[in-house]
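Asker: The residues making up each chain are set out below.
2 protein chains.
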Amino acid sequence: MYADETVVRAKVLNEEIDGKTLGELKLKTITGMRVIAIRRGTSWIYDPDRDTVIHSGDILIARGPDEGVPEFYRIVTGEICTRKEHKSEIQLSRIDIAVDIIIEMKNTSELAVDLAYSAVLFQNRDIADEVRILENSMNEMKLSLERWVLEAAKEVEDVSQLQSLLHLAQSSEMISNAAYEMAYTVIKGMEIHPVIALAMRESDEVITRLEVEEGCSAEGKTIGELEIGAKTGMTVVAIRRGDRWIFDPDSKTVLRSGDLIIAKGTRLGEEMLKELLSSKR
Amino acid sequence: MYADETVVRAKVLNEEIDGKTLGELKLKTITGMRVIAIRRGTSWIYDPDRDTVIHSGDILIARGPDEGVPEFYRIVTGEICTRKEHKSEIQLSRIDIAVDIIIEMKNTSELAVDLAYSAVLFQNRDIADEVRILENSMNEMKLSLERWVLEAAKEVEDVSQLQSLLHLAQSSEMISNAAYEMAYTVIKGMEIHPVIALAMRESDEVITRLEVEEGCSAEGKTIGELEIGAKTGMTVVAIRRGDRWIFDPDSKTVLRSGDLIIAKGTRLGEEMLKELLSSKR
Numbered sequence: 001m002y003a004d005e006t007v008v009r010a011k012v013l014n015e016e017i018d019g020k021t022l023g024e025l026k027l028k029t030i031t032g033m034r035v036i037a038i039r040r041g042t043s044w045i046y047d048p049d050r051d052t053v054i055h056s057g058d059i060l061i062a063r064g065p066d067e068g069v070p071e072f073y074r075i076v077t078g079e080i081c082t083r084k085e086h087k088s089e090i091q092l093s094r095i096d097i098a099v100d101i102i103i104e105m106k107n108t109s110e111l112a113v114d115l116a117y118s119a120v121l122f123q124n125r126d127i128a129d130e131v132r133i134l135e136n137s138m139n140e141m142k143l144s145l146e147r148w149v150l151e152a153a154k155e156v157e158d159v160s161q162l163q164s165l166l167h168l169a170q171s172s173e174m175i176s177n178a179a180y181e182m183a184y185t186v187i188k189g190m191e192i193h194p195v196i197a198l199a200m201r202e203s204d205e206v207i208t209r210l211e212v213e214e215g216c217s218a219e220g221k222t223i224g225e226l227e228i229g230a231k232t233g234m235t236v237v238a239i240r241r242g243d244r245w246i247f248d249p250d251s252k253t254v255l256r257s258g259d260l261i262i263a264k265g266t267r268l269g270e271e272m273l274k275e276l277l278s279s280k281r
Numbered sequence: 001m002y003a004d005e006t007v008v009r010a011k012v013l014n015e016e017i018d019g020k021t022l023g024e025l026k027l028k029t030i031t032g033m034r035v036i037a038i039r040r041g042t043s044w045i046y047d048p049d050r051d052t053v054i055h056s057g058d059i060l061i062a063r064g065p066d067e068g069v070p071e072f073y074r075i076v077t078g079e080i081c082t083r084k085e086h087k088s089e090i091q092l093s094r095i096d097i098a099v100d101i102i103i104e105m106k107n108t109s110e111l112a113v114d115l116a117y118s119a120v121l122f123q124n125r126d127i128a129d130e131v132r133i134l135e136n137s138m139n140e141m142k143l144s145l146e147r148w149v150l151e152a153a154k155e156v157e158d159v160s161q162l163q164s165l166l167h168l169a170q171s172s173e174m175i176s177n178a179a180y181e182m183a184y185t186v187i188k189g190m191e192i193h194p195v196i197a198l199a200m201r202e203s204d205e206v207i208t209r210l211e212v213e214e215g216c217s218a219e220g221k222t223i224g225e226l227e228i229g230a231k232t233g234m235t236v237v238a239i240r241r242g243d244r245w246i247f248d249p250d251s252k253t254v255l256r257s258g259d260l261i262i263a264k265g266t267r268l269g270e271e272m273l274k275e276l277l278s279s280k281r
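One line per chain: the protein sequences are B and Y, in this order.
Sequential numbering from 1 applies to the first sequence in the working numbering.
Sequential numbering from 1 applies to the second sequence in the working numbering.
EDC-like, lysine to aspartate or glutamate: derived pairs with alpha carbons at most 20 angstroms apart:
#, chain 1, residue 1, chain 2, residue 2
1, Y, 154, B, 191
2, B, 106, Y, 110
3, B, 106, Y, 191
4, Y, 142, B, 181
5, Y, 106, B, 110
6, B, 264, Y, 110
7, B, 154, Y, 191
To be clear, the hints were calculated from the coordinates, so they are not data collected in a lab.
Using the sequences and the hints, build the whole thing.
Answerer: And the structure:
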């Protein structure tokens, strides 16, 4: 990286560029900034080229001269950024990116363990399938992290602090891998002894994966507004939105159509939640 | 197992037999019941013999004729058990024992993952060391479980439901193994990049392991009575008592001298908790 170059991160919020290719946008020509990676949910696109299509919500990581940043930021987000703002808020190092990924890996592996035990105890293939999806994204994240750590190695003098990042990613991935091994028995249809399943959970307890149907009355509302806890007794463990995960949904989390809700509660509560997520307004 | 034989479990509560060997107790001669295994904390003793010393709190698993049960129960627990009681409460199958172990493995592996991430983020060797101890006991529990499952295979017709138990134990052990891999970097003194550690936790947050000192005013009191949460702001994550773990300590949990308290909170809270666990009454 040259001395006058900088790395920035900007989220695609400008609806006008949604669906366009990098070539069409001419970002490099106009701003001097080159998009070096794109984060879409938990997956990364490296070496994007002129044919790479940009979508709303993508996080673009770009490198280029300081003076190109404000215009780049304006095109991508649709907002004007002041010089001060971009310095403190959007400029970032490769270490910042590594932090993003490590946090995501921690959340993903912890959720994978939780769901893997649930998949086995509740003999639920939907949930086992979610563990498989989590494990897949862990593999990708580990590869991404390794790449950013190696890039970061160019920036730092003492690489020893980076070594522990590689190990952290490795063992995180091992954890989710073991979680998948556990869930795999459910996918293969291996049944657990009923005495074990019953001893480890309330007999009426279930875990479920339900989709927020398009045009249902829950769409666009928060978990709090819907009073899911009070009305159905179900606890929302996590939400999958495409290939993104919401790990700690709370009363302020807004439900969108297509969201996959993972929730625990009673069989009756499951029916009530299913009703809530499918009834038309 | 013969048709008139039964397997029972009884906890050593009778202080008079504490420290005696099985040979001295003559349980087999008096009751006809043979002690086939002893659970001490999370570890198991198989094939105990006449020189095996019994301690208070041990769980004895014994096999023998139905009519020997009441006397066996009386000697071990010091309590009289009625015929009805022993049938419903102390008789158990090998599957029941497997359930015990699997539940313990689930709790242990989940705590290991939690503590492993904490050990890395807080660069805390005490906590890393606890992960090592958890992982060791997971190995033992996996061996025990395999043994009980194989024994149980004699009792059940369809062994396929037992296969999933072996897998569950295997992947549980893999999870805690990965957790230990993570903690190992801390034991080896590998430092994490400070930016990562700070991004993943509150800057003032700590995790700590503190011992309840003998004769301190906290000894024999519950977490609720001590008002640990209100007075120090610390959350007790788990307690280790010898080689036993209390995974979900709550306000009713009584602290004993020698207990190792694992707690999260602020640096100031840690000092206050340390004071609480060491001040003499």
